[in-house]
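Novice: Next come the chains, spelled out residue by residue.
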Amino acid sequence: MSLGRLVGRRLLVGALILFIVSVLVFTASLFLPGDAARAVLGRTASPDRLAALRSQMHLDDPPLQRYLSWAGDLVTGDLGDSVVSQTPVVELIAQRSVNSLLLMALAALIATPVALLLGTWSALRRDQLADHLTSLATLVLASLPEFVVGIGLLFVFSTGLLRWFPAVVDQTQGVLVQPEVLVLPVATLVLAVSPYITRMMRATMLEVLDSDFVHQARLNGVPERQVLWRHALPNSIGPVAQVVALQLAWLAGGIVLVEFLFDYPGIGEGVVDAVTNRDIPTLQALVMLVAAFYVVVNLLADVVGVLTNPRLRTAGS
Amino acid sequence: MSVAEPGPIGNAIERVSGGQAPGLLRRSLAVGRTRAGLMITVLVVAVAVVGPFVAPASETGFVGAPYTPDAAGTVFGTDYLGRDVWSRFLYGGVSVLALSGLCTVIGVGVGLLVALLAGYSRTWVDELLMRTTDVLLAFPAIVLALLFLAVFEPQPATVVATVAAGHAPRVARVMRAAVLDVAGRDYVRAAESMGLRRWPIRLGDLLPNVTGPLMVETGLRLTYSVALVAGLGFLGLSGLEADQADWGLMINENRLGFTVQPWAVLLPVIAIGLLTVGTNLVADGIARAAAGTDREVGG
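Here the protein sequences line up with chains A and B, keeping their order.
In terms of my numbering, the first sequence has 1158 at position 312, counting the first letter as 1, and numbering is strictly consecutive.
In terms of my numbering, the second sequence has 264 at position 191, counting the first letter as 1, and numbering is strictly consecutive.
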């Protein structure tokens, strides 16, 4: 099977998964005790108001019709109104998406090169003290939940020992006019995703450094620096690229607790708000957005894995 | 689609195959970090279990003005309602431990069942189960949990169900690979040729030979369970009674006073951090022992 067809097939599978996910997300709202209208208005709501909200939310239509109109709206970008604030969900989500993407992009742009360098450095110092310390530090960091890391950073750099950075975001202003608020959330995410990349890079680098062609290059008298930059590094990027992509996908869930911790106005905080307020239309849209991002990035990781691994390239057919 | 959650020991898992439980446990204990991890875990568990019996004040009693780090008669001051932080810390570990333990047992149990069923069926059942995990894996675990919690009201039982539901497909993926690996071996063929039915083979021949990856997976899932259960408490969504002491909930309740009274947040954060590091060190140690090496992964 050609590479293009393989990638095309994976894309098709991704689209199918997103379709089933949308059915699942929609079906979830059918299970609400009472229904979505009661969830919004609470137990003390008068029958008239319930009926009015129900007809506004089309809750009396059959489920299939509701799904089709919801999915149709979703595809055309009309996400309905938030039942709490009565404003269009699209407006709520647009700015939050930009903010979250900014957070994730910064985290990825910083974490990836740092982790790759650290992994390489650790591999070159195999079994020395620096290597053991890196290994232990990445294992500990990888174990810690992201909110524990975030609170630790808050205590050290914001509220406790040093007072360098603000603890929370001033939500009356845009994020870009107060770039200092980005530092701690980005640092938390970087510390969360770097350990995996570092460990993978180290393991891959050790394998490559031990391979025949590196030995051959050394025997041919190629200088060590050139062996590293010309031969070893390019050959270890492939396997690591997949882990990098998987970590990017992880960020889609990782931002939830981190944004909540720092009062950062992004998608993650939006999800928590929507759950707390039981704002189902907003939650459905946000969850679909996160799932779409997650599926697409996972797909990319998959494609990267196939492209960089000749054995997988044929096994897929 | 690949599983978007490479564990810290993802590499080692691939090398784990077979391994009988008792010998593996003994070998794991020879790895330094398993012992260190076990000690840390036991310490935190001891604090959580013994804590309620030695707490100086009650879980809910008021002992001073709110957010006072040096309130008279207290070790770590008072929380946002004026309750004793140290006592609430000592009371607050049991719920986190019990809930994450339950999530792990149920999540790993269901995942293992699915893996045994799918990995040794060679029919459409395998395909159906694996495509189902594809769909469940299209959400980050925390987002799936939040979606469930929005629909079914937050209660401890719902939290356990949602976190376990997040684990099951991930466990199923890893364990299915292990089962597939074993299913092609000669002793399984021998059992087949003796006319043994599928479930006796699954339980008698397959299960005992995947205990290595199963133990690693259990340790990993316990780490993630603690993180998720405490994380949901931190979001104020763990569904516990409002005045119940709980490490996750303590962080949520007291985070606005973090500047004036850091202990009410730091104590539970430190305990949660130690617990996750401890369980993960144990999981990593077992993975190393199962991989037949106590050297660094890839070494």
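Everything labelled a hint here was simulated from the structure, so no lab data went into it.
Be aware that one or more of the hints could be misleading.
As the list claims (entries may be wrong) - Now the in silico label distances, taken between C-beta atoms and shown as ranges: (1) Gly-1084/A - Arg-270/B: 21 to 31 Å; (2) Val-986/A - Gln-228/B: 44 to 54 Å; (3) Leu-329/B - Gly-854/A: 48 to 58 Å; (4) Pro-908/A - Met-267/B: 29 to 39 Å; (5) Val-986/A - Gly-146/B: 29 to 39 Å; (6) Pro-125/B - Ala-898/A: 28 to 38 Å; (7) Gly-105/B - Arg-1071/A: 47 to 57 Å; (8) Leu-1065/A - Thr-205/B: 28 to 38 Å; (9) Leu-329/B - Asp-894/A: 34 to 44 Å.
Note that the Cβ used here is the ideal one computed from N, Cα and C, for glycine as well.
Novice: Against each hint, give a clear statement of whether it holds in the structure.
Specialist: Verification of the hints:
1. Separation of Gly-1084/A from Arg-270/B is about 44 Å and departs from the stated range, judged on CB atoms against 21 to 31 Å.
2. Hint check: Val-986/A to Gln-228/B, Cβ distance near 33 Å, so the stated range 44 to 54 Å is violated.
3. With their beta carbons about 51 Å apart, Leu-329/B and Gly-854/A fall inside the hinted range of 48 to 58 Å.
4. Distance hint for Pro-908/A and Met-267/B: a CB-CB separation of about 55 Å, inconsistent with the stated range 29 to 39 Å.
5. At roughly 36 Å, the beta carbons of Val-986/A and Gly-146/B sit within the given window of 29 to 39 Å.
6. For Pro-125/B and Ala-898/A, the Cβ-Cβ distance of about 50 Å falls outside the hinted range of 28 to 38 Å, so the restraint is violated.
7. The supplied range of 47 to 57 Å is broken by Gly-105/B and Arg-1071/A, whose beta-carbon atoms lie about 35 Å from each other.
8. Against the hinted window of 28 to 38 Å, the Cβ-Cβ separation of Leu-1065/A and Thr-205/B comes to about 52 Å, which falls outside the hint.
9. Judged by the Cβ atoms, the range 34 to 44 Å given for Leu-329/B and Asp-894/A holds: they are separated by roughly 38 Å.
Hint compliance for this structure: hints 1, 2, 4, 6, 7 and 8 are not met, and every other hint is.
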